[in-house]
Amino acid sequence: MINQSPNYLRRRVFDLFMRGMTIVATLLALVPLFLIIGYVFIRGGSGLIYFPDEYARYEIGVEKLVTMLSDRQDPQYDRDLFTQARNDQSSLETNLSTTRRYQERTKAIPGELKDLRASLNDVSERIENRGATPEREAEQAQLASQIATLENEQATIKAELPQLASERTTLISDIDELARSARGVSLDDLGSVGLRHYFPFFTESAKPAPVMATSIQQISITQVGGVFHGIVGTFLIVGASLLIALPIGILAGVFLSEYPSTQLSTFIRFSTDVLSAAPSIIVGVTAYVLVVQRTKEFSGLAGSVALSVLMVPVITRTTEEMLKLVPTTVREAAFGLGSPKWWLTLTVVIPAAMSGIVTGALLAFARAAGETAPLLLTILGKNQVTWNLLEPMAALPLITYKYTENPSPIQNDLAWTSALVLTMLVLLVNIMARWVTRKRTR
Amino acid sequence: MASQAEPLSGLKTFQRRIEHGDLPFRYLTMFFGLLVILLVVAIGWVVWDGSAEARAEFGFGFLFQEGWNPVNNNYGAWPAIYGTLASSGIALLIAGPLGVLIGVFLSELCPFSLRMPLSFLVELLAAIPSVIYGMWGIFVFIPFFVKYIAIPITDLVGNATTFPLSLLSAPQTAPVTSGRGIMIAGIILAIMILPTIAAISRDVLVVVPNHQREALLAVGATRWEMIWKGVISYARAGIVGGMMLGLGRALGETMAALMVIGSLKKTVESSLFAPGISAAALVASELPNADSSLHASTLILIALVLFGITLLLNAAARLLVWHVSRGPGGNVRA
Amino acid sequence: MADATKPTPDVTGSTGAARTNGRGPAETNNVTLEDLKPYYGSFQAVHAVNATIEPRSVTAMIGPSGCGKSTVLRCINRMHENIPGARVEGRVLLGEQNVYGRGIAPQTIRRRIGMVFQQPNPLKMLSIAGNVAVGLRLEGHRESEIKEKVEASLKGAALWDEVKDKLNDSGMALSGGQQQRLCIARAIAMEPEVLLLDEPCSALDPISTYKIEELLVELKKRYTIVIVTHNMQQAARISDRTMVFMVDITDKKPKGMLVEYGETAQVFTNPQDKRTQDYISGEIG
Numbered sequence: 002m003i004n005q006s007p008n009y010l011r012r013r014v015f016d017l018f019m020r021g022m023t024i025v026a027t028l029l030a031l032v033p034l035f036l037i038i039g040y041v042f043i044r045g046g047s048g049l050i051y052f053p054d055e056y057a058r059y060e061i062g063v064e065k066l067v068t069m070l071s072d073r074q075d076p077q078y079d080r081d082l083f084t085q086a087r088n089d090q091s092s093l094e095t096n097l098s099t100t101r102r103y104q105e106r107t108k109a110i111p112g113e114l115k116d117l118r119a120s121l122n123d124v125s126e127r128i129e130n131r132g133a134t135p136e137r138e139a140e141q142a143q144l145a146s147q148i149a150t151l152e153n154e155q156a157t158i159k160a161e162l163p164q165l166a167s168e169r170t171t172l173i174s175d176i177d178e179l180a181r182s183a184r185g186v187s188l189d190d191l192g193s194v195g196l197r198h199y200f201p202f203f204t205e206s207a208k209p210a211p212v213m214a215t216s217i218q219q220i221s222i223t224q225v226g227g228v229f230h231g232i233v234g235t236f237l238i239v240g241a242s243l244l245i246a247l248p249i250g251i252l253a254g255v256f257l258s259e260y261p262s263t264q265l266s267t268f269i270r271f272s273t274d275v276l277s278a279a280p281s282i283i284v285g286v287t288a289y290v291l292v293v294q295r296t297k298e299f300s301g302l303a304g305s306v307a308l309s310v311l312m313v314p315v316i317t318r319t320t321e322e323m324l325k326l327v328p329t330t331v332r333e334a335a336f337g338l339g340s341p342k343w344w345l346t347l348t349v350v351i352p353a354a355m356s357g358i359v360t361g362a363l364l365a366f367a368r369a370a371g372e373t374a375p376l377l378l379t380i381l382g383k384n385q386v387t388w389n390l391l392e393p394m395a396a397l398p399l400i401t402y403k404y405t406e407n408p409s410p411i412q413n414d415l416a417w418t419s420a421l422v423l424t425m426l427v428l429l430v431n432i433m434a435r436w437v438t439r440k441r442t443r
Numbered sequence: 002m003a004s005q006a007e008p009l010s011g012l013k014t015f016q017r018r019i020e021h022g023d024l025p026f027r028y029l030t031m032f033f034g035l036l037v038i039l040l041v042v043a044i045g046w047v048v049w050d051g052s053a054e055a056r057a058e059f060g061f062g063f064l065f066q067e068g069w070n071p072v073n074n075n076y077g078a079w080p081a082i083y084g085t086l087a088s089s090g091i092a093l094l095i096a097g098p099l100g101v102l103i104g105v106f107l108s109e110l111c112p113f114s115l116r117m118p119l120s121f122l123v124e125l126l127a128a129i130p131s132v133i134y135g136m137w138g139i140f141v142f143i144p145f146f147v148k149y150i151a152i153p154i155t156d157l158v159g160n161a162t163t164f165p166l167s168l169l170s171a172p173q174t175a176p177v178t179s180g181r182g183i184m185i186a187g188i189i190l191a192i193m194i195l196p197t198i199a200a201i202s203r204d205v206l207v208v209v210p211n212h213q214r215e216a217l218l219a220v221g222a223t224r225w226e227m228i229w230k231g232v233i234s235y236a237r238a239g240i241v242g243g244m245m246l247g248l249g250r251a252l253g254e255t256m257a258a259l260m261v262i263g264s265l266k267k268t269v270e271s272s273l274f275a276p277g278i279s280a281a282a283l284v285a286s287e288l289p290n291a292d293s294s295l296h297a298s299t300l301i302l303i304a305l306v307l308f309g310i311t312l313l314l315n316a317a318a319r320l321l322v323w324h325v326s327r328g329p330g331g332n333v334r335a
Numbered sequence: 006m007a008d009a010t011k012p013t014p015d016v017t018g019s020t021g022a023a024r025t026n027g028r029g030p031a032e033t034n035n036v037t038l039e040d041l042k043p044y045y046g047s048f049q050a051v052h053a054v055n056a057t058i059e060p061r062s063v064t065a066m067i068g069p070s071g072c073g074k075s076t077v078l079r080c081i082n083r084m085h086e087n088i089p090g091a092r093v094e095g096r097v098l099l100g101e102q103n104v105y106g107r108g109i110a111p112q113t114i115r116r117r118i119g120m121v122f123q124q125p126n127p128l129k130m131l132s133i134a135g136n137v138a139v140g141l142r143l144e145g146h147r148e149s150e151i152k153e154k155v156e157a158s159l160k161g162a163a164l165w166d167e168v169k170d171k172l173n174d175s176g177m178a179l180s181g182g183q184q185q186r187l188c189i190a191r192a193i194a195m196e197p198e199v200l201l202l203d204e205p206c207s208a209l210d211p212i213s214t215y216k217i218e219e220l221l222v223e224l225k226k227r228y229t230i231v232i233v234t235h236n237m238q239q240a241a242r243i244s245d246r247t248m249v250f251m252v253d254i255t256d257k258k259p260k261g262m263l264v265e266y267g268e269t270a271q272v273f274t275n276p277q278d279k280r281t282q283d284y285i286s287g288e289i290g
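Chains as they are written, first to last, in this note's numbering: chain P, 2 to 443; chain V, 2 to 335; chain C, 6 to 290.
By construction, these hints were calculated from the structure, which means they are not laboratory data.
Check each hint, because a few of them may be wrong.
With a straight-line cut-off of 20 Å between C-alpha atoms, the simulated DMTMM-like cross-links for lysine to aspartate or glutamate are [unchecked claim]:
#, chain 1, residue 1, chain 2, residue 2
1, P, Lys65, P, Glu178
2, P, Lys403, V, Glu287
3, C, Lys129, V, Glu215
4, P, Lys297, V, Asp23
5, P, Lys297, V, Asp292
6, P, Lys342, V, Asp23
7, P, Lys297, V, Glu287
8, C, Lys260, C, Asp40
9, P, Lys383, V, Glu287
All chains should be modelled from the sequences, with the hints used to inform the complete structure.
If you want it as structure tokens, here you go:
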């Protein structure tokens, strides 16, 4: 056996211990991070695949009708029609909630009956085999009465369901008639428009939360709406900021890489460092002071300005690095043809570095899409879809934040789902960015 | 082209460059470069000019005063400064060592085939928006934290007033069950900056030249001794730089802090389980509906202080990271 | 295998303290390579190598690049397995003990078989003295003992006179040749039985190379030295025995192979193998 060096055992044990600790610590530290992703996917996903039941479209339709009729600015506004629609709506909702309850009971009762009958048989057998005692007889009597009650309930429900159904048919035809006569649309048209019926999340914007709602059961998904306005807002705002930031970033990057280093370029590099180090809230404050306070209005444009400031350093640095990677031989080959430098830069160098620049733009997009703090100070938020960048707008991160702070659980669910959409967006764009560069380096 | 071979006088060169559009193009790109500088100047000017009123009113002494009442124009920034420093400090204490260990795992110990995918995953995690961390904190982590960490600890410590213990005492202004507070903000920030620190640590550890590892192995060092004396020690400046970048991110983070730190703006409580406020969160929550121009100006002054602190920190961090990564193959985000 | 029956020498700290004067280990063993097959993943890099390296002599490994001489060298003290996917089949015997035996930790082996690399690699964060002492510190020797050993090793590496006044300076401040001698000092401070050198002079100027060659001739009185070199003159100058490696291109992927092993004088003047002859006369390689 080879002799071991001094302290051999202690060193081996310490080595194993520390390596083990590193692995354990890594796993422990990664657990919450993956928990976060997992939660976002599971809770957000469960919001996405929620299908309203067969009656939901009537609820959606009548809700829309009431909203339509409630507009006092409308010249066609008629108080009586509105009241009638409101009454019809509440009758329909009572009818539907009773129907839903009965349907649940209809499904549940046979099982309960089966259980009760089994225990009744059990008790009867025991009485037959071992003789009757007062407790056993009391139990038997109690079970029998429970069975009787349930059978009674079953019979009632059986009798009442067709009644409810006919009542509902009348109500629906009433509402339909009201809708046709008042606004010339059918209830079906109001209630279901293609896929919107199933994915209100992507296609609808927010509705005001019921103030008193404290549990999921009290409000249905039809009363919450979706985050369509947020998706539109995010893409508009981030798209606009990309339009602002791309020319600045790319041309500044060209200046840094294509022209000899001077004190000015050192200063520009330093500035991009400062910009990427600045907390996003500071950028938000700047946009707030320069745009919101000047124009006296919160607007999507102010948000775009703030986000573009956050994008510029990312785009500038990637452009500079990518342009520097373009081999000198490419430049020399083109320069030998006698074309001017600017032409060469625009037609040879930038296209050669295109995938890198696209990566920079994608990364900038991903970073800006997730930013919340500057938006809080600039776009304020809105509950409707708007395509006008000069108005207050909604955005996904802002919706996530606001619905998280909201006490209504169903809105919290909506927050999870918008978080899922946001996470997917950011992750996909990041993966895309990585994929684009990978292709380039091959 | 024949003309290229001819010797050209200065004026002729100039003319040619104008004709070819070279000079205008150069000035165009230079203009956009200057625009980048202008952005920085604009930010600096806005926070400096916007805070002028507050600076004239309070001076910088108000950074260490307590109190917050916009109605009476009574402001003190100390709770915000303290909340920012304390939550970021906790975040760094937790995420610093863990992040370095993850970096070590990714660069030294991880099976080779897993290195690239895991590193990529960690980088992806660093890209997740902070609002999602805050949201997870509220819905998932706070209930867990209150039940298994905050209540047992505060029960154990009680109302201790001596310094180190008082940090863990039962809070006075809000029940511990509310969960929101500086401690939880620190933990959420730690989870948030962990991928950043891990990714940077990995980057600076990976560029440690292999011959440093071999030098230690050849004298009979164990794997951990090699990692500690050869790799971590070689890259320590870069690791510290990475931690400082993480700290900078925690200091400037708005949403995660805003969502879980509570909102105690008037005073500083000795307990870390008590609610507090961070500078960024204070600005974000109050600036859009500031009551008076002095109120807005005070908030901008706080933003100015925050800007100054993060800039200094980042400058130091970048210097350190650059110092290590400029070696061959130095390829470090910064 | 003359001393196969002798007990394995003790190099632990207990008796090591008595040998701080740089005399080297009291006894040394043969190093025997038995069917040694280094692999990178599933690719066998070198055909099975069988050779016995004699103690207290200089054995040179020469051959064209890509012939696997460095790989074989790194197998001797188990540095090869640090490369991801790399593994070794066959045996390396130090005396009687299989280096790849069950329950033998690589660090034990590397401690007894020191190594000097192609590129001088002083530890960047340590001083000159700290570099020499690093292995001893890890083993927890007493500071006074370490100080003696550092001096002895630096003297043994013919570096003491040049650095004795700046022991606390960074090792990176030395010239390339000095750095390489510092690495030799670091290796001999552990008092190994065998010293492996992987092209130690390839990054050095002729004067530094000459100094190191001189040093190796001195060191072979105490250590078994194996040196990989691409420089045939160097092998001829300093080695006692020479292994010649060649690239076998009969397979799809070229492999290294040991074609000739013998006394240096015989290998260079009267090579038995045609390929060696071509290589030495400059026709291939």
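Structure-inconsistent hints, enumerated in ascending order: Number 4 only.
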